[in-house]
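Q: So the chains spell out like this:
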Amino acid sequence: MNIDRDTVRRVALLSRLSLADSELDGYCSQMGSILTYISKLNEIDTKDVAPTSHPLSTLKNVYRKDVPKPSLTTAEALQNAPSKEGDFFKVPQVIEKK
Amino acid sequence: MDDLHLLTAHEIKIAIDSGVEPSAVLDAVQKRIEAIDSKVKAFAYVNKKATQVKRGGKLSGIPVLIKDNICVKDEATTCSSKILEAFSPPYDATVIKRLKDSGAVLIGKANMDEFAFGSSCETSCYGPTRNPWDLDRIPGGSSGGSAAAVAASQTIMALGSDTGGSIRQPAALCGVVGLKPTYGRVSRYGLIAFASSLDQIGPITKDVEDAALLLGVIAGHDVLDSTSVDIPVPDYCKSLTKDIKGLRLGVPKEYFVKGIDPEVETAVKKSIETLRGLGAIVVDISLPHTEYAVSTYYIIGSAEASSNLARFDGAHYGYRDTDAKDMIDMYVRTRSKGFGDEAKRRILLGTYCLSAGYYDAYYLKALKVRTKIKEDFERAFALCDCIVTPTTPTPAFKIGEKTNDPLAMYLSDIFTIPANLAGLPGISIPCGFSSGGLPIGMQIMARPFGEETIFRASYAFEQSTDFHKRRPTI
Amino acid sequence: MNYETVIGLEVHLQLSTNTKAFCACPTKFGQKPNSQTCPVCLGLPGSLPVLNEQAFLYAIKVALALHCQIQKIIKFDRKNYYYPDLPKNFQISQYDMPLSFDGFVDIPDESSSGRKRIRITRVHLEEDAGKLIHPEGEDYTLVDLNRTGMPLLEIVTEPDMNSPQEAYDYLTKLKTILEYLKVSDCDMEKGSLRCDANISIRPIGEKKLGTKVELKNMNTFKGVRQGLEYEVKRQLSAVKDNEKIVQETRLWDADKQVTISMRRKEEATDYRYFPEPDLVPFVVDPSIIDSIRNTLPELPEAKVNRYMKELGLSEYDSNVLAGRMDLADYFEACAQVYENKKTIANWVTGDILAYLNTHGIMASELGLSANGLASLLKMIDAGALSGKMAKDILTEAIETKVDPEDIVAKRGLSQISDSEKLEEIIKLVMSKNEKSVNDYKSGKKNALGFLVGQAMRETKGTANPEMVNKILKKALGE
Chain F
1274 MNIDRDTVRR
1284 VALLSRLSLA
1294 DSELDGYCSQ
1304 MGSILTYISK
1314 LNEIDTKDVA
1324 PTSHPLSTLK
1334 NVYRKDVPKP
1344 SLTTAEALQN
1354 APSKEGDFFK
1364 VPQVIEKK
Chain V
2 MDDLHLLTAH
12 EIKIAIDSGV
22 EPSAVLDAVQ
32 KRIEAIDSKV
42 KAFAYVNKKA
52 TQVKRGGKLS
62 GIPVLIKDNI
72 CVKDEATTCS
82 SKILEAFSPP
92 YDATVIKRLK
102 DSGAVLIGKA
112 NMDEFAFGSS
122 CETSCYGPTR
132 NPWDLDRIPG
142 GSSGGSAAAV
152 AASQTIMALG
162 SDTGGSIRQP
172 AALCGVVGLK
182 PTYGRVSRYG
192 LIAFASSLDQ
202 IGPITKDVED
212 AALLLGVIAG
222 HDVLDSTSVD
232 IPVPDYCKSL
242 TKDIKGLRLG
252 VPKEYFVKGI
262 DPEVETAVKK
272 SIETLRGLGA
282 IVVDISLPHT
292 EYAVSTYYII
302 GSAEASSNLA
312 RFDGAHYGYR
322 DTDAKDMIDM
332 YVRTRSKGFG
342 DEAKRRILLG
352 TYCLSAGYYD
362 AYYLKALKVR
372 TKIKEDFERA
382 FALCDCIVTP
392 TTPTPAFKIG
402 EKTNDPLAMY
412 LSDIFTIPAN
422 LAGLPGISIP
432 CGFSSGGLPI
442 GMQIMARPFG
452 EETIFRASYA
462 FEQSTDFHKR
472 RPTI
Chain Y
261 MNYETVIGLE
271 VHLQLSTNTK
281 AFCACPTKFG
291 QKPNSQTCPV
301 CLGLPGSLPV
311 LNEQAFLYAI
321 KVALALHCQI
331 QKIIKFDRKN
341 YYYPDLPKNF
351 QISQYDMPLS
361 FDGFVDIPDE
371 SSSGRKRIRI
381 TRVHLEEDAG
391 KLIHPEGEDY
401 TLVDLNRTGM
411 PLLEIVTEPD
421 MNSPQEAYDY
431 LTKLKTILEY
441 LKVSDCDMEK
451 GSLRCDANIS
461 IRPIGEKKLG
471 TKVELKNMNT
481 FKGVRQGLEY
491 EVKRQLSAVK
501 DNEKIVQETR
511 LWDADKQVTI
521 SMRRKEEATD
531 YRYFPEPDLV
541 PFVVDPSIID
551 SIRNTLPELP
561 EAKVNRYMKE
571 LGLSEYDSNV
581 LAGRMDLADY
591 FEACAQVYEN
601 KKTIANWVTG
611 DILAYLNTHG
621 IMASELGLSA
631 NGLASLLKMI
641 DAGALSGKMA
651 KDILTEAIET
661 KVDPEDIVAK
671 RGLSQISDSE
681 KLEEIIKLVM
691 SKNEKSVNDY
701 KSGKKNALGF
711 LVGQAMRETK
721 GTANPEMVNK
731 ILKKALGE
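Protein chains in written order, with our numbering: chain F, 1274 to 1371; chain V, 2 to 475; chain Y, 261 to 738.
If you are wondering where the hints come from, they were derived from the structure by calculation, not from laboratory data.
A portion of the hints provided could be inaccurate.
[Unchecked claim] Calculated cross-link-like contacts (lysine-lysine; reagent style BS3-like; alpha-carbon spacing at most 25 Å): (1) F:Lys1313 - V:Lys375; (2) V:Lys373 - Y:Lys335; (3) F:Lys1313 - V:Lys403; (4) V:Lys270 - V:Lys243; (5) F:Lys1363 - Y:Lys450; (6) F:Lys1363 - V:Lys74; (7) V:Lys373 - F:Lys1363; (8) V:Lys83 - F:Lys1363; (9) F:Lys1313 - V:Lys369; (10) Y:Lys335 - F:Lys1333; (11) Y:Lys288 - F:Lys1357; (12) Y:Lys442 - F:Lys1338; (13) Y:Lys391 - F:Lys1357; (14) F:Lys1320 - Y:Lys335; (15) F:Lys1320 - V:Lys369; (16) V:Lys369 - Y:Lys335; (17) V:Lys74 - F:Lys1342; (18) V:Lys338 - F:Lys1363; (19) Y:Lys332 - F:Lys1342; (20) Y:Lys292 - F:Lys1342; (21) Y:Lys332 - F:Lys1320; (22) V:Lys101 - F:Lys1342; (23) V:Lys375 - F:Lys1333; (24) Y:Lys335 - F:Lys1338; (25) V:Lys338 - F:Lys1357; (26) F:Lys1338 - Y:Lys288; (27) V:Lys373 - F:Lys1320; (28) F:Lys1333 - V:Lys369; (29) V:Lys101 - F:Lys1313; (30) Y:Lys391 - V:Lys326; (31) V:Lys243 - F:Lys1313; (32) V:Lys375 - Y:Lys450; (33) F:Lys1357 - V:Lys83; (34) Y:Lys339 - V:Lys369; (35) V:Lys74 - F:Lys1357.
[What the hints assert, rightly or not] Simulated DEER-style distance windows between Cβ atoms: (36) V:Lys470 - F:Asn1315: 21 to 27 Å; (37) F:Glu1358 - Y:Thr618: 38 to 44 Å; (38) V:Arg472 - F:Lys1313: 39 to 45 Å; (39) V:Val54 - F:Asp1279: 51 to 57 Å.
These numbers come from a predicted model, not from an experiment.
Positions of the beta carbon are idealized from the N, C-alpha and C atoms, including for glycine.
Assemble the whole structure, with the sequences as input and the hints as a guide.
A: Here it is in structure tokens:
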């Protein structure tokens, strides 16, 4: 199964990855052969089969009571921040507003 | 005193009770690390200031090595990835809290495949760990560091994590014991997630009794993990009875097909005969959807991983590329530089399988095949109490042998993956050696929360053989 | 060609639980940045979500109040996208099996005098993102994750509204219902209630929907109406000029009173929804749904009907009273101790509401209690106070928090209704104003009003004006 360079580029952008042109062909062919292998699954008829998202099908309704617990201190929250200003995380400017 | 590092945890407990100082045990282990880790490279981080936090407790004074994807408060936890270099979590994983409460001594972090993506410990940003039985060969992965360290007596016990075989496979290749518990048996809070519906933390130890001991400490319900189950934890050591008369062992034909190394097949079949000799009944069973397990796993695993790894972007923690001109640029540069090739491959694959237009054909399809695989096991367990298979198709291969063929690498997990998909417990125990002196492992799987059956069967086997007593000559 | 407007609204409501949706961090507003976070809401590696039961129950309460069906098996999904206010780079939300669906809210119908049904597509639960600050002129952005993980309800309508006014009516009605349920502050200024709109136009009679524009950044209900009004004009004029309407997101600029395009790349966002593997499914027992249904208060619609049918109030008054739960509660408390509901309604919808609005307070905070109002009304009935005097006393009672009866007693303000006293006063007034008396006697009837006024002045407003009128007329020889 062939997966073309444009598709890999589009998927890379969705994953916030950039692939150098020299790498692109390698990823294309590796992904292609993996996807070919994976399409084996089409051999099975799963028309009336329910999907399994959780291996423990009996586990349901897990809740937590609405009782506050102490938060991390601001220092702890920011302890791994690559860049900070005062009590804030600092990141490069966001150009697109949501 | 010099050989304290060669003992098992249960032997050390007896020694400590008779007056041996825990510090002497720690000392022996640390000396061993210094002597050989430059060759084995099992450690991502050695905690030279390791101390016992609490005295008393089930693992009092026992050195334990932690896989580097389990959070230890204020200690480097990097998943052997550049993108988490210098990351130190402000909290302990639940299993770490339990270990600290039990008196265990945390001696450092074990090397692993980056983000647990791999079966050979070759994708680590720190370089590969080597198999103590043959330094040119892989120790297995992704918990390669944990398994190698236990095999080489650089630690008494270790924790690993298993998503598609990452505890059991390295345990087999390194000649030690590795258990993946039932999904939900051990809390995942603090385990840096690979595939949320497949991951479990489990023990890697020198023998079955140690595995029972360690599991007993880390297992149990956790209010911080919605997928952890509220079922009492039995005293697993009570299952170490050596009595397996009448125990029904299912042997699935699909696990003994072409492609297995003949020495592996021979060793496992011989071990099944040993078990029969101890009173077990051997039953032929079939798990017809086995051949689809690897495909199913790679879709589900990669999809969940692609989402779990989205958070590594340089914004709030971890490595950040400093040349970026804006937010998106920062994300892209950070992730492209911070992740290794296998991580990128899995992320791309996972994103593709979840993307619009492909979700039904890949992800949803895989979830449905997963149901079929689960049903295979349910039907099988009506006929037997546990299922016995080889753990891996071959003994340890050479470093670099499969790095250019990701698909070949994925296929080495073929026997371990189904248990993760179905959420079942599975252990690998040493059951023989190749003619080249490389360890061979046998896998025993059981029903959900059937760890007691697994311990019963594997202890009986272990105690009637001496594979577990052999050590590499390093 | 005539066009019709088609509007759908999406409201996000922050629930007033004590803790966040998936972790036990507190939810206080206005805290120091990054002081209300934990590994879970920070999205630290290894953290896992656990659902806040109260948020879940509040969500069901809202769904039932909006006449929705509750899903049999409820699950959560991941919505995957990258943004610095979303530390996991996915949001835990709901996709194909939301908590509830198929509800409605009725609003006044513009064209007839009846009701129009706005269908609610879904009400689902999700987590909020953090806050970004873009310092002016700088090349960086600051991130505060306190708000990350707060529980949000997303309430989505079908495109059933056909004018900005209907959108406004829907929002006010929705807000009233939500206030009754006491599950949120519902405060647009604090951001606990947010609204986005989808708007398109199409030729009347056309069934297919036109190109829709998403409208954001409307921070008040008025802003929503104004933004939509502007957008309708813009789209109509585009069509007149044969310009194509672009499917895009636009922001309402309240200062400039225009909508502006976000000019984002037209790459459709692929959220790659898939079931959240870290949360298990939820199956709500019907008995729990019933018990929540039983805790629902009398909702605005039912209250209006009751006021009209059982208390004989006008539709207008009923709607005003029921429009604010605190006002309705105040009215009903007074109605327990005073017979004439219409009189109470007049005062409550008039002077009292005016005071509440001017001072921005709740009826429960008013200095004059419902009982106090009742005693004031009783004094009017007994003739002890004129209507005008009562208004003054009302204001004083509210501001000083002194009981009306005590105020009246202290100031000796009882209305003079004693005819003998009044006759004396009127004699005095007539003697001081001979000219007016003669004017009246020679046919200028409005001199009476002047003389009544003088009598009121003489008595500092405490004379019973009806009696003054009667006695004067008699004294003037009628």
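Q: Look at each hint and say if it fits the structure.
A: Hint-by-hint comparison with the structure:
no., hint, in the structure
1, F:Lys1313 - V:Lys375, "18 Å, holds"
2, V:Lys373 - Y:Lys335, "22 Å, holds"
3, F:Lys1313 - V:Lys403, "22 Å, holds"
4, V:Lys270 - V:Lys243, "20 Å, holds"
5, F:Lys1363 - Y:Lys450, "24 Å, holds"
6, F:Lys1363 - V:Lys74, "24 Å, holds"
7, V:Lys373 - F:Lys1363, "48 Å, violated"
8, V:Lys83 - F:Lys1363, "21 Å, holds"
9, F:Lys1313 - V:Lys369, "14 Å, holds"
10, Y:Lys335 - F:Lys1333, "10 Å, holds"
11, Y:Lys288 - F:Lys1357, "23 Å, holds"
12, Y:Lys442 - F:Lys1338, "19 Å, holds"
13, Y:Lys391 - F:Lys1357, "15 Å, holds"
14, F:Lys1320 - Y:Lys335, "22 Å, holds"
15, F:Lys1320 - V:Lys369, "9 Å, holds"
16, V:Lys369 - Y:Lys335, "17 Å, holds"
17, V:Lys74 - F:Lys1342, "18 Å, holds"
18, V:Lys338 - F:Lys1363, "20 Å, holds"
19, Y:Lys332 - F:Lys1342, "32 Å, violated"
20, Y:Lys292 - F:Lys1342, "17 Å, holds"
21, Y:Lys332 - F:Lys1320, "22 Å, holds"
22, V:Lys101 - F:Lys1342, "22 Å, holds"
23, V:Lys375 - F:Lys1333, "19 Å, holds"
24, Y:Lys335 - F:Lys1338, "19 Å, holds"
25, V:Lys338 - F:Lys1357, "22 Å, holds"
26, F:Lys1338 - Y:Lys288, "17 Å, holds"
27, V:Lys373 - F:Lys1320, "12 Å, holds"
28, F:Lys1333 - V:Lys369, "20 Å, holds"
29, V:Lys101 - F:Lys1313, "46 Å, violated"
30, Y:Lys391 - V:Lys326, "21 Å, holds"
31, V:Lys243 - F:Lys1313, "42 Å, violated"
32, V:Lys375 - Y:Lys450, "49 Å, violated"
33, F:Lys1357 - V:Lys83, "21 Å, holds"
34, Y:Lys339 - V:Lys369, "21 Å, holds"
35, V:Lys74 - F:Lys1357, "21 Å, holds"
36, V:Lys470 - F:Asn1315: 21 to 27 Å, "48 Å, violated"
37, F:Glu1358 - Y:Thr618: 38 to 44 Å, "42 Å, holds"
38, V:Arg472 - F:Lys1313: 39 to 45 Å, "41 Å, holds"
39, V:Val54 - F:Asp1279: 51 to 57 Å, "55 Å, holds"
The structure does not agree with the numbered hints 7, 19, 29, 31, 32 and 36 stated previously, though it agrees with the rest.
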